[in-house]
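Engineer: Position chain B against the provided structure of chain A, taking the given hints into account.
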Amino acid sequence: KAGVTQTPRYLIKTRGQQVTLSCSPISGHRSVSWYQQTPGQGLQFLFEYFSETQRNKGNFPGRFSGRQFSNSRSEMNVSTLELGDSALYLCASQLWPGTANTEAFFGQGTRLTVV
Amino acid sequence: AQSVTQLGSHVSVSEGALVLLRCNYSSSVPPYLFWYVQYPNQGLQLLLKYTTGATLVKGINGFEAEFKKSETSFHLTKPSAHMSDAAEYFCAVSMYSGGGADGLTFGKGTHLIIQP
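First to last, the sequence lines map onto chains A and B.
Just so we're on the same page, our numbering is the position in the first sequence counted from 1, plus 45.
Just so we're on the same page, our numbering is the position in the second sequence counted from 1, plus 55.
Since the hints were derived computationally from the structure, they do not count as laboratory data.
Be aware that one or more of the hints could be misleading.
[To be verified] Derived DSBU-like pairs: lysine-lysine, alpha-carbon spacing no greater than 30 angstroms straight-line: (1) A/Lys102 <-> B/Lys104; (2) B/Lys163 <-> B/Lys104; (3) B/Lys163 <-> A/Lys102.
[Stated by the list, open to error] In silico contact screen, one side only, chain A against chain B (beta carbon under 8 angstroms); selected entries: (4) Gly87; (5) Leu88; (6) Phe90; (7) Phe151.
[To be verified] Over the 12 angstroms line for every Cβ pair with chain A, so calculated as not near, a few chain B residues: (8) Ser67; (9) Leu99; (10) Glu119.
This one's a predicted model, so the numbers in the text were calculated from it and none came from an experiment.
Quick reminder that beta carbons are idealized off the backbone N, C-alpha and C, glycines included.
Chain A on its own, in the form it takes in the complex (with noise of 0.2 angstroms):
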């Protein structure tokens, strides 16, 4: 079966500009978490969705927001884009939520650069 897929894999924006990111999860997936890696603050937990709901949020300014649609698919949005935005930004897909109890699928990750 089709793995998780963030589109696009690359992009190059502006300091101040908004960016949206994709992310469709695995079929029959209803959970998906979003997570920024840099390689100064490595790996953090944006946020997680279910059922169109926001589930979880980490710790990041109200730039950062993200949806979840009917089909389970996901975007994320980041507003008033900052140089140290320029991150590897993952998706995750999950059966359900719960890391303990079913497996976090990760996608490819959309390189973000902002200069």
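Structural biologist: Okay, now just chain B, sitting in the frame of chain A:
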């Protein structure tokens, strides 16, 4: 709050030698523990996880890890390294809270180098 410490940002071993990647965690409640591997330009792949039960956990590609509560550790081992094991390895922890587990908290990662 939970946290994960991975000792050694880079570990180099010879092909065929023992691989040992160290992970210590901090958690106020019994944690769920994971090891993930990341190859260049790829997402993360789950190697193994500990939730409850047997403290020695076997994963894919010959890796295993042992949960030691007294030492708050979850070190990853493989008896014999292979060139294909060269990658970035992440230890992670999550806790069950309220209606479900929190997101994963990752360590900084350990880059495993395999010498021929």
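Engineer: Would you mind marking each hint as holding or not holding in the structure?
Structural biologist: Here is how each hint holds up against the structure:
no. : hint                  : verdict
1   : A/Lys102 <-> B/Lys104 : holds (23 angstroms)
2   : B/Lys163 <-> B/Lys104 : holds (18 angstroms)
3   : B/Lys163 <-> A/Lys102 : holds (20 angstroms)
4   : Gly87                 : holds (5 angstroms)
5   : Leu88                 : holds (4 angstroms)
6   : Phe90                 : holds (3 angstroms)
7   : Phe151                : holds (3 angstroms)
8   : Ser67                 : holds (20 angstroms)
9   : Leu99                 : violated (4 angstroms)
10  : Glu119                : holds (17 angstroms)
Violation of the numbered hints given earlier is confined to hint 9; every other hint is satisfied by the structure.
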